[in-house]
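Novice: This is what each chain is made of:
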Amino acid sequence: MTTPTVTTAGPARRGGRLLWTPARVRSVQAETARATRLVLEVPGWAGHVPGQHLDVRLTAPDGYRAKRSYSVASGPEQPHVELIVERLPDGEVSPYLTQQLRVGDELEVRGPVGGWFVWHASLGGPLQLIAGGSGVVPFLSMLQHREAAGSDVPARLLYSARALPDVIGADRVAATDAGVTLVLTRQAPATWQGPTGRVDARLLHEHVVPPDARPQVFVCGPTGFVEAVADALLELGHPPERVKTERFGTGGGAT
Amino acid sequence: MSLISRGFAGRARTTSSDRLPPGQYDAGGSFPVLTAGPTPRVDIGTWDFTVQGQVDEVARWSWQQFRALPREDVTTDIHCVTSWSKLDTRWQGVSLDTILGHVETAAEYVTVFSDGGYTTNLPLEDLTGGRAWVVDTYDEEPLAAEHGGPARLLVPHLYFWKSAKWVRGLALTSTDEPGFWETFGYHSYGDPWRSQRYAGD
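Just so you know, the protein sequences line up as chains P and X, in that order.
Position one of the first sequence corresponds to residue 1 (our numbering), numbered consecutively onward.
Position one of the second sequence corresponds to residue 1 (our numbering), numbered consecutively onward.
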């Protein structure tokens, strides 16, 4: 099968329409017990802005199709497009992507999509990222880009995970020179010095760039987490127009 | 171009599949929340709903006046652009036919505006003919803030981002002005049965 190569700037489009493009799976690796990192080769991929997502479409032999959106985990400077997909127990697409997909398979994708929940070095800062669980994925792209671009924008990541083995993007989180606070909500090693428990106003007050520094705040995670964090940020005096959110609920945006 | 995904079977095809637009799945009992920013906490003491823009006279309803308008029960399927659909959702509110019956206009388009600064655009025609409501009740309970309470628009024949949460009014216009998501690449009209997700679809 020959694949069309699109060389124009911007995503693959025809007559203004974002096109479905075959992407080849270069690697499938366990990221955590529940999440898998997929490295995709997307011919004609013209780059993305950190925070944008990609639509993935699967087609069954009878023509039935399922489509989901996933945030891009890689930075625009990286050679391939990486997704980190968390397997949801009742999911339709995520079990396939995390358990059946193999190197060499093809997936149909289109994107990049979304222009709101994005950050680029030219947008400045300070940058405050707040993630719950797999909500960290778009931030991995932002942090990679910030470093690749040599940006000196001050950045902080507050990342709430259930336990250390659930940390997604541990390599990127460990390597970044952004300030990182990891919060463990369910289980922490006996030697753990960092914060534990639910992310509340007190924890945000201690670990988040204060409102008078006028940070751009991005919050991504499950709905309950984002609701609670966004409410607490407003209580602490962050203006709503500087708080961008992206949420996924049970059975929501990405199964 | 179409590509069969090796080993992909998908969910069991359900009898309700004729109610699911292309690429949508049934979210069942869950009701996902998608919002671009913090949930505004709205005080109904200062809440009002206005119809303004290209109108002879601005029409305005306080919360009490809005609650006194004739109400309708609506049971409908809703379709989110992120691929979930929810069948037989039950709402109560005021038909836009009732609200627009108070307004004289030559406008053809509407910018819906909300607390928190959200906007979305629609042809005025799509808000008429028993196809759109301002709802304040979901499943017989006051509409929760995270789902757009105290009141949201309900335009179920279009993707659900058109059903603006925390709605405060309509600005009538002669031209189609892109709203919030529409300026970020989403489709200007958003018909789920024609998969109008992104600009150009």
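If you're looking for bench data, these hints aren't it; they were derived computationally from the structure.
For every residue, glycine included, the Cβ atom is placed at its ideal position computed from N, Cα and C.
Among the clues, some could well be false.
Unchecked claim - Using C-beta positions, here's what the derived DEER-type ranges look like:
#, chain 1, residue 1, chain 2, residue 2, range
1, P, P89, X, L69, 42 to 50 Å
2, X, T50, P, D231, 51 to 59 Å
3, X, T46, P, A46, 19 to 27 Å
4, P, G224, X, L3, 35 to 43 Å
Novice: All hints, please: hold or fail.
Specialist: How the hints compare with the structure:
| no. | hint | verdict |
| --- | --- | --- |
| 1 | P:P89 with X:L69: 42 to 50 Å | holds (44 Å) |
| 2 | X:T50 with P:D231: 51 to 59 Å | violated (27 Å) |
| 3 | X:T46 with P:A46: 19 to 27 Å | violated (47 Å) |
| 4 | P:G224 with X:L3: 35 to 43 Å | holds (37 Å) |
Consistency with the previously given hints fails for numbers 2 and 3, ordered from lowest to highest.
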